[in-house]
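Novice: Start from the sequences and build out the full structure, keeping to the hints where you can.
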Amino acid sequence: MILVGLTGGIATGKSTVAGMFKRCGAVVIDADRLAREAVQPGKPAWREIVKAFGKTILNPDRTVNRPTLGAKVFGHPAKLRRLERMIHPRVAREQRRLTRQATRNDPRAVVIYDVPLLFEAGIDARVDTIIVVTADRETQIARLKKRNRLSGAEALRRIRSQMPLANKRRRADYTLSGTCPLPRLKKQVRLLYRSLRALA
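Going by the working numbering, the letters in the sequence shown line up with residues 1 to 200, in that order.
Incorrect hints may appear among the rest.
[To be verified] Distance condition first, Cα-Cα at most 20 angstroms in a straight line; then the derived PhoX-like pairs of lysine-lysine:
id, residue 1, residue 2
1, 55, 79
2, 79, 51
3, 72, 51
4, 22, 187
5, 22, 186
6, 55, 43
7, 55, 72
Don't read these hints as lab results, they were simulated from the structure.
Specialist: So this is what it looks like as structure tokens:
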């Protein structure tokens with residue numbers, strides 16, 4: 001088994017690349033999905049978040065309103081770290097469980113851990129190899145404005161809240177461009193998957 005950390009900047013195309021790896025046969029573990037599951041109403045992380053940030057961050061159905069919570073923590077490093085301490089350990093435990101399950105199913109599995117904060121959360125120390133998906137700043141801003149309905153200033157603030165992409169690229173074992181034409185990107189992912197499978 002090989003555990004691959006897949007990361008990049010916000011809106012660089014990580015999810016698209018993860019989907020391509022999945023179609024190649026990789027097992028994809030999505031950190032964002034695990035984080036959403038960890039904060040379902042009534043769960044321990046949900047109770048801690050409500051206690052720390054108040055009930056104003058909840059939707060009428062008691063689920064966490066992610067944009068409202070995001071607005072409270074982005075640009076506030078201390079609040080963001082507090083939130084991460086509530087969520088990250090629980091996500092890490094579930095990731096390890098899913099990785100063990102994938103290995104039982106296929107001892108030569110290529111497990112792709114799609115995690116935006118790979119370096120920021122120190123997860124890079126737990127993976128065997130790292131892929132960074134890149135995009136230029138203009139593309140990131142345009143995608144965030146369209147996808148998340150953010151203003152240009154809000155999009156820039158989200159981008160700047162993460163480690164600079166240049167730093168991530170320097171620490172990557174492999175890089176993929178999230179802005180290259182899809183047929184070329186698919187071909188690059190297929191070739192990389194074969195290489196990873198050979199290492200597993």
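Novice: Are the hints correct? Go through all of them and say.
Specialist: Results for each hint:
no., hint, in the structure
1, 55 <-> 79, "16 angstroms, holds"
2, 79 <-> 51, "13 angstroms, holds"
3, 72 <-> 51, "14 angstroms, holds"
4, 22 <-> 187, "14 angstroms, holds"
5, 22 <-> 186, "11 angstroms, holds"
6, 55 <-> 43, "15 angstroms, holds"
7, 55 <-> 72, "13 angstroms, holds"
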